Every structure is written in structure tokens, then in C-alpha cells.
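> Here is how the chains run, residue by residue.
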Amino acid sequence: MAIPKAKLRASKQEATNEWLAGRAMPAGGAWATAARKEAVERVRALTLPTKRDEYWKYTDPTSLTAAEAPEASLFEITDEGAVFEQIDRVRLVFVDGVFDAAASDDPSLAGVEITRLAEAAGNDIHWAKDYYGVLEAAGQSPVERPLAAFNTAFADDGVLIRATGKAEKPVSLIYERGEKAGDAMLHHVIRVEPGAELTVLENGPAAARFSQVMEVDVADGGRLHHVRAQGRDHERRAVTHLFARLGEESTLKSFTLVANGRLTRNEAVVWLQGENGAAHISGASMGDGEFLGDDTVFVTHSAPHCESRQVFKKVLRGGAVGVFQGKILVEQPAQKTDGYQISQSLLFDERSQFLAKPELEIYADDVQCSHGSTSGEIDPDHLFYMRARGIPQAEAESLLVLAFIAEAIEEIEDETLAEDIRARLSRWLERRRA
Amino acid sequence: MLEINNLHAQLEEDADVKILKGLDLKVEAGKVHAIMGPNGSGKSTLAYVLSGRDGYEVTEGSATLEGNDILDMEPEVRATHGLFLAFQYPVEIPGVGNMTFLREAVNAQRKARGDDEISSADFLKLVREKAKSLKIEPEMLKRAVNTGFSGGEKKRNEILHMAMLEPKMCILDETDSGLDVDAMKLVAEGVNALRTPDRGFLVITHYQRLLNHIKPDVVHIMSDGRIIKTGGPELALEVEENGYADLLGEVA
Ligand SMILES: Nc1ncnc2c1ncn2[C@@H]1O[C@H](COP(=O)(O)OP(=O)(O)O)[C@@H](O)[C@H]1O
Ligand SMILES: [Mg+2]
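From first to last, the protein sequence lines are chains F and U.
All the letters of the first sequence, read from the start, carry residue numbers 1 to 434 under the working numbering.
All the letters of the second sequence, read from the start, carry residue numbers 435 to 686 under the working numbering.
The following block holds chain U by itself, in its conformation from the complex (with noise of 0.2 Å):
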């Protein structure tokens, strides 16, 4: 599905502020992969580089999906070609309605692969599915994207519109973080339902916690740019026992 070979990314700015520095992966439809990291490892560049926005410069390496090398376009042709990212920090934008926000983005998908608009009952018929199912109040969708929200509905939203958009790649960056339990549980039911066996995830964690929740296949550690470790579920269970610094130790 996402196959990322190589790949090097510096600041666009600052060329001696080198991010990426060789890193490979390659996450299988039908898995779940997670990347555990010390902040400042580059996972969230990673999520950046992969999904096209402007500041970084890739030096080197490839990044494919379904064959495509993605680099190269632009960050709604990704999309369309299914990629998502959920982001670390979801983005308040003042005055354009959720709801809005979101036909918008579904019918721009689907007019690029050249299917029909989808009609406004229909949408709304399903939005409001989905909401329920996040717990999303129905006035969350009328209030403008983000705006106002707590972090736990922030993090919801993005779960909303990744199931509204139904990717193939779904990359999430620390979607965990600033959830409490039963938040988490809800974000972590929404990603679930959406695991099928053609979808690809890549779930970016700087804790163990979501992965109780979210059961990886694969689970990768990060740091200074690369994937240093690669091992099953298991190995994210020693991240929280004895922390990075043993990890990070033991491979230097």
C-alpha cells in the first residue's frame, strides 16, 4: 500500500536542519502499522512529507502509494488517491462550517475520480451516522472546522472526516494525545471500524496506551529520522516498561 524507501527531508529553509535521514517502511493493506518515537524523532515530518505541505524539501528517497510515487503531487491529488492524515493539531478555521467543510472535501474526492456528487440528503444522512457513532454532537457539525472544539473533539472530528472520506491510507499523527480513556476508547472504536482488509494504517504514538486499544500488526521505533527498531506488538509493551532510553541505548 505506502511504501517509503530512503527518504530523506530537510527544511525548505534551513538546509542544515536535516529531519529524515534515510528512512524506510512499508505498510501492508489490511495492516496496522505504529510508529513510537521520543518527540523530535521527525514523526510528525514524516506525516507532512508524506501528505504533501509546503517547508519541507525531500533530498532524497521515494514514497509510493499503490505504486504511485506521491512526492511529486500535490496534497489534494493525494488525497484523492487516498491518503489522510489526521493530524497532530487539528486546524481552527474560523467561518467555514464543518459541514461545509466536509461535502466540500467528498464531493472534490469523488469529482476526481470521476463519480457522481453525492446528493445532500444522502450526505447528511450519513454524516449524521458517523457523528453519532464519534459521539459528535450535531451541533459540532454546525460550528465551523475546529473552531472552539476541545483537543477530545478535535480529535474526534478528524476521525469524522477520515471515515466520511474513506481513505486507503490512514496516517494518524498522536491522534492519543490530550484524550482521556474514554475519549481514546471512542476514537479508538472509530478507527477500528474502519479497519478492513483493503486499508493501510499508520498510527503514530508517542505512548503505548492507544495500542491497547488500536491492536498494531507492526510496530516500528523512531528516532533522529529513522526506523531504528522493527518487531510485533510486543515491542511497543518494552517501550513502556523501560522507556526509549534503553531502546535508544541498545541500538547505538
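Chain F on its own, in the form it takes in the complex (with noise of 0.2 Å):
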């Protein structure tokens, strides 16, 4: 039987205004004061989400709005060393969902301009009000994004990021656990000025239970490339959002490597608003067990001559679930678009799925766009071809399961951070055959 309408509506309301009522925002000077306390009723106004919400279908929130985050274990692999540890960078560690000064690299970069969102939230005025909740409310439509609103609302620390020239080291967060259980928020801005380049890096569970926003802002000409290795931590619950607006001839690269985790839910949306931009959103997720892992992407072209790209390759095996719901939205204006968009899945047994919601909407009509979604298994021709030479099965499933993966992979332009991914995903492999 169905439920009314408003009555849905009015226990969506209800659930809401008490999830709120027990959250007491971060101290904070004006404009971080101004920009939470109009997230509160964003959040207020959108209500939490739940699994009747068109893009919640695949993926059941109540896990992340649920009042306790549910209990995650760490996982130690002690013969391996972290990802990103031979790259020359600078590491902004945060504990727990709070930055520990103690454990990270001096912040100083010619380049860059790195402040605690904890440190400039207490000052009344910063470069940073322009972006902060901005771009998050922005990307409230045409889809509610609540669990951003959230962020904004009650995250306390993250870094606020201005790149004024070409970085020397890309900047690395890493995301430790440390003795808190629960619950971690993080909030980072990122302003690429023009002509400069930054390269942000991410890795690290935070939390048993993860919140993240990151809104990025690159100007005319800039360039921000973004690699991430979410936590490995089996039970860890995470959801992220990446809001992006880049301006004319400027390149957005993010790509994100999700292996193990309950579920980890990744939202980008990005909007290309100046000529000849280029957003290349990638990810690969390999899950074996209790996994759900989705990415859930938006892009949308407002002006004409840019590129974009959504590649996606979910590996899957023990019932565990993928998730890609992607959309390619083309305004009028924006000709000559090149758009394409994949997410393909391997499957290792039937007990695993992959539910895909591949979308294009195109109201100009110049333009280059294409989209396809797959399932597929090993190819048997191919695995019997490699262990007639030699190759031992466990060993040669490794090897077409990174073939399946490198298109995703190549989407990193530094070879050196593509490398460092297809490590940890082979050894991810190699786990598994022990």
C-alpha cells in the first residue's frame, strides 16, 4: 500500500528536525557562522535522505543518517606501506576528523596558500566565503544533495586551499583513525587561481563513519588534479562530495581508488562554465563481501568546447554491490560538447551486482556524446590462454582484472601516482589469493 505524500513528507520533516536538534554547530566568526547556519536549513528544508529517493534507490542511507555510526574495525596490513608514501609531498594529517599539526609536514608551499578551516573560521572575514556552502547549495538542483548540506553545516576542520602558482609537491591529506570511534566531518575548499596548477592528494578511512565536501573552484587556465585511495577499513562508512566549477581552458582530473569499505558513497558535481574546459571524473572499486560502493556523478556543460569524461570499473566479487548513476547534462549553449561517459563492472559470481543509471540530457545540438554501461565476467578463452602458458589461475585473474581496471587508471595523468594506484590494487589482489 502506498504511503500519502504528506504524510512521507511530514516523517521526513519530523526525522529531520530531530536529527538536528541534538548537533550543536561549530564555534565560528561571521561568515563561517553565516554560511552554517544556512546549511542547517538547507538541510532543514531538503530533509535526510531515504532509500524512496530517486538517487538513493541503489544505495540504502540509512546506515549514514542513522544517530550512531555503526562500529567499523581497523584494518592493519602491516607488510605494506601506504599509498602515496614515495611521493614527495606535503602531508596534512588529520586524526579522527582533526587536523594534528604534531604529525604533519611544515604547510609552508611556494604556490599555495594552505589554512585550517578550524583557524579561519574563527576570523570574520576570508577568501574562503565564496565557495564555502556556495557551491554546496549550488549543487543542491536539479538533485538534492542533504548529506552535503550536513557537512557544511557541522564540519569543524578540513583545509582551505589557494593555489595562486604551479605547485611545486602536490598537497596530501591523509585521514588516520585514531581512538575515537564514530563519527568524522571534514569541509576543504580549494581555489585554483588562474594559470595555476595543484595536485591534491587523499587517502586514509578518517572514521567509521566519513563525511567529506570538498568545493572546488578553478579559474580560467587552472588545472587541479586530484588522486584519492579511500580507507581500506572493511565495515568503514564513507560519503563524499566534490563540487567543481572550472572556467574557460581549465582541466578538473579526480580520480578515486575505493577497495574494501561497507559502503562508500561518492558524489561529484561539476559544471563547466567557461570555454574549452575538461573534467575527467574516474574511479575504480574492487569489493569483495559486504561492499556497496557508489559513485554518483553530475556533469554539467554550460559552455561550448569543453570536454568531459566519467570512466568508472567497479570490480566485484562475494555479493558485493556497485553502484554508478552518472548524468551528462548539455545546456543549450554549450556546443560542441565531447562528452563521454563509462562504468563497467566485472563480475566474479552471481551473488554480486552492479546497478547502473547512466544518463544523458542534451539540449543543444552540436554536440559529441556517448555513454555506455557494461557487466561482464572473466573471459574464460582468455584465462585457459593464460594458464596454458604457465600462468596460475589466481595469477592470471590478476592480471585481466587490471587490464579491466586501466582504462579507469589511465585517466591519471602522473604516472608516477598511476603507478602507486595499480600497486595497491594488485596487492589488493594478492590479498585475496593468499
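Please keep in mind that the hints were generated in silico from the structure rather than gathered at the bench.
Misleading hints may appear alongside valid ones.
Stated by the list, open to error - Selected chain F positions facing chain U (Cβ under 8 Å, derived; list incomplete):
#1 Asp381
#2 Tyr385
#3 Arg387
#4 Ala388
#5 Arg389
#6 Gly390
#7 Pro392
#8 Gln393
#9 Glu395
#10 Leu399
#11 Leu400
#12 Phe404
#13 Ala406
Values in this document were obtained by computation on a predicted structure and should not be read as measured data.
Ideal placement from N, C-alpha and C gives every residue a C-beta, glycine not left out.
Bring the two chains, given one by one in their own frames, into a single complex with the hints.
Pasting the structure below:
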């Protein structure tokens, strides 16, 4: 029996109000407090997500909105160094969602200004006020993202990064888990000034339940590379949002590796607003057993001659679930748009599943857009050929998995970083053979 | 080297399709045996059953390599025991580099035999050397396994794999098909270079012409899942002149 809409709405509202009631907004100066207050109102108006919402059909948000974070044990790997370890970078370490200056590198880096949100929020004015919560608010339409608004309202730490030139090294955000179980919330703002270039790395689980928002503004001619390897604790949950606005001739390349984790919802909302912009959003997911990896991507082309790519590969076994919801929206002025979207899964068994919702919505008449979504298995002919040459089955499967994922990894421009991600994948596969 | 006795095999999913119907064959070390036979006689099935491909069920008989029963071994174990099959239709594997593949295969076999892995430098040197003698462009080594290769390139690549893996028992399934004369000579040279007193060859072919370049010691005629006649190289010439019809009639 269908529940009447009004009644549903009322119960959603009630749950949302209740959820908000118990929470204190972090203390801060004028700009941050204003942004947070508006965000609270957004949450109230949008209400918390439920499985009935259009973009939460495949991923049940219940555990993300539950009052308490479900427990998640730490996954300790002793025989393998952390990802990006070999990369010369500026490390900024957060433990349980709180910046740890002692564990971090000196944040001074030529061409880059780095401020901690918890500090900047105390000021009455800061450059980040033009972005903090602003891009997130813009991203609430046409699809609602209440968990992002919630993050804007209550996150009390994160970094505000402004690149003014070509950064010498990547800025590496490391999310460790300490004593505190439960939740962590981080909110970052990245502004790439005209012609500037920056690489941002992220890794680590942060918490049993992690909420993260990254608001990005890439000005004309700017370039931002973003490579992240999310935490591998098996039971951890994460919901992340990337909001990115791109100017003329600018580039954003964002790649995410998800290996393990009970639930990962990564949303990306990208606006191509100047001519000749390029946005590549890509990812590889590896799930075995109780795993759900959800990529929900929305790219809007508003200006002509822009290029966007969405490339997602998911390797699923033991009942793992992969979700991809990807949209390319081409507005009327965005002639000569080149849009590409591919989402593919490699299923190891019948219990695992891939749920995909690829969408194209095009209002310009002279565009080139393609999208595709497939689910497949390892080709037995490939496997036999390899085994007949002496490669054991498990190793042959690993090679085939890496081949399957290759297209997504090729989206990473920096070969050293790509190699690091490949190594990480190989080790994940190796552990499964042991 | 390779000894096959009364081998019977049928399709796994359809027991009514019986393909090998009591096949006997013995290939000695240092010898080249050829199997000729009309299409559909079961030549490729024999190669697949020996190398362990899924989809066939052996209902009777045996096959041993140097005295070891191979039929119960996994395909990769057969390979480490020295069995090699050059495929009639080499498989394209997009995304897996030919070099990566070869290095994995060489090292997997070494590891399985308890030997050390080959160093990257030694491997590179070796593979370049062997590729050169088969006129395989370095660029072909960088490409994905057989992906986008011409028919001739695929067959030469099979021989390259064989040369790198140095198997004891080489089965070549219609390695001549789809090759022009020059390519066939290259392939034959590649094979001949590997002829040693401790290595056996089973060369499956539909036509006699390959046997002008790879001189067989023994020629078998296969029909309907059995070896129906065995002789010397002259048997191949007989097929060339008179076709299979006469031979088959003679036996029937
Ligand atoms: N996987 C298969 N499915 C169906 N029929 C098969 C299969 N493999 C072999 N056969 C049948 O077995 C017979 C022998 O095939 P094959 O071994 O390929 O012969 P050859 O290599 O001598 O041409 C043919 O009639 C072929 O159709
Ligand atoms: Mg055949």
C-alpha cells in the first residue's frame, strides 16, 4: 500500500528536525557562522535522504543517517606501506577528523596558501566565504544532496587551499583513525587561481563513518589533479561530495580508488562554465563480500567546446554491490560538447551485482556524447590461454582485472601516481589469493 | 615423451558429441610427429584435451608426459611440466601487455619448478633477441597480447612464446594457417631452431606445405577421432597429391 506523500513528507521532516535538534554548530566568526546557519536551513528544507529518494534507490542511506555511527574495526596491514608514501608531498594529517599539526609537514609551499578551516572559521572574513557552502548550495539542484549541506553546517575542520602558481609538490591529505570511534567530518575548499596548478592527494579511512565535502573552484587556465585512495577498513562507511566549478581552459582530473569499505557513496558535481574546459572524473572500485561502492556523478556543460569524461570500473565478488549513477547534462549554449561516460563491472559470481543508471540530457544540437554501461565476467578463453602458458589461475585473474581497470587508471595524468594506484590494486588482489 | 593411449573424449555439455574415439600416439624426444587430417577430425580437440581446456570430458584412455599422467593436472601445471600448445586461434587479451604476459609466464614456470625469477634485464635481452630472429618488431612486444595483430603476427607471437618458455613437448595447431610463404618460413625456422634431442614436437596441419619446412620424422593421418594411418614423410606427400579421400577410402 502506498503511503500518502504528505504523510511521508511529514515523517521525513520530523526525523530531520529530530536529527538536527541534538547537534551543536561549531563556534566560528561571522562568515563561517552565516554559511553554517544557511546550511542548517538547507538540511531542514531538503530533509534527510531515504531509500525512497530517486538517487538513493540503489544505496540505502539508513546507516549514514543513523544517530550513531555503526562500528568499524581497524584494518591493519603491516606488510605494505601506505599509498603515496614514495611521493614527495606536503602531508597534512587528520586524526579522527581533527588536524594534527605535530604529525603533519610544515604547510608552507611555494605557490600555495594553506589554512586550517578550524582557524579560518574563527575570523570574521576569509576568501573562502565565496566558496564555502556556496558551491554545495548550488549543487542542491536539480538533485538534492542533503548530506552535503549537513556537512557544511557541522564540519569543524578541513583545509582551505589557494593555489596561486604552479605548486611544487602535491598537497596530501591523510585521514587516520585514532582512539575515537564513530564519526568524522571534514570540509575542504580549494581555489585554483588563473593559470595555477595543483595536485591534491587523499587517503585513509578517517573514521568508522566519514563525511567529507570538497568545494573546488578552478579559475581560467587553472589545473587541479585529484587522486584519492579511500580507507580500507572493511566496515567503514563514507559519504563524500566533490563540487567543482571550472572556468575557461581549465582542467579538473579526479580519480578515486575504493578498495573495501562497507559503504562508500562518492558524489561529484561538476560545472563546466567556461569554454574549452575539461573535467575527467574516474574511479576504480574493488569489493569483496559486504561492500557497496556508489559513484554518483553529475556533469553540467554550460559553455561550448568543453570535454568531460566519466570512467568507472568496478570489480565485484562475494556478493559485493557496485552502483553508478552518472549524468551528462548539456545546456543549450554548450555547443561542440564532447562528453564521454563509461561504467563497467567485472563480476566474479552471481551474488555480486552492478546497478547502473547512466543518463544523458542534451539541449544543444551540435554535440558529441556517448555513454555505455556493461557488466561482464572474466573471459574463459583469456583465462585458459594464460594458464596454458603456465600462469596460475589466480595470477591470470589478477592480470585480467588490472587490464579491465586500466582505462580508469589511465585517467590519472601523473604516471608515478598511476603506478602507485596500480601497485595498491595488485596488493589487494594478492591478498585475496593468499 | 608424450604417450597417448586409447583416448576417448566428448563434449562436457553434450555427451552425444564424441570427438576422440580411441586415439593412440607416441611422440619420442627429439622427434617431430605430424598429424594431418580433414577439418573436423578432432585435431584441435586433441590439442585442447592435452593442454587442459574446459569443456571436454575424457571418458577413457590416458595421456602421459615423461611418464606423468597429465589429464588430471591443471593447465598451468601441465605447462610447467613442459607442455606447450601453439593455438590455432591465438587469443587476443586487450589490456595485458605481451611483455608483461611473457614475463609472468616465464617467471610463473620458473617459480613452479623452484628456480629463481629471471631478472628484468636478462628477460628483456632474451625476448628482444628471440623476437628479432622471428622478425617481430619491438613495438609488437609492447602491444597487448595478440590484440590487433595480423594473422601472421599472431602465429609468430606463438612461436616467440614457445621460444621463451622452452617447453619439452610442443604442440602446434595449424600454425601455418593464414600465413604467406615468407611468414611460414620464418615460423618454420623458429621451430627448427628449437629442435633438440630432448624436445618433442607434434605438428598439426591440414596441408602438407608446412612439412616442407619442418621436416617430420613421422606422419599420422587422423580421421573421425582416431589415427588411421602412420608413416614417414612420404605419407604427407601422398595426401598432397591425392587428397584425403583416397586415404580414407583405403582404410574404410
Ligand atoms: N566446443 C565444441 N562445441 C561443439 N562442437 C565441438 C566443440 N569442439 C569440437 N567440436 C566438434 O568436434 C569436431 C572436431 O573438431 P576439431 O577438434 O576442431 O577438429 P579439427 O581441428 O580437426 O578441425 C567437429 O565436428 C567440431 O564441430
Ligand atoms: Mg583445428
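> For every hint, state whether the structure bears it out.
Each hint tested on the structure:
1. Asp381: Given a least distance of 5 Å, the restraint on Asp381 of chain F holds.
2. Tyr385: Interface hint status for Tyr385 of chain F: holds (4 Å vs cutoff 8 Å).
3. Arg387: holds (4 Å)
4. Ala388: holds (5 Å)
5. Arg389: Holds, about 4 Å.
6. Gly390: holds (4 Å)
7. Pro392: holds (5 Å)
8. Gln393: holds (7 Å)
9. Glu395: For Glu395 of chain F, the interface hint holds, since the closest Cβ of chain U sits about 6 Å away, which is under 8 Å.
10. Leu399: It holds, given that the least Cβ distance between Leu399 of chain F and chain U is near 5 Å, below 8 Å.
11. Leu400: This hint holds: Leu400 of chain F lies near chain U, its Cβ roughly 7 Å from the closest one there, short of 8 Å.
12. Phe404: holds (7 Å)
13. Ala406: OK, holds: Ala406 of chain F within 8 Å of chain U, min 5 Å.
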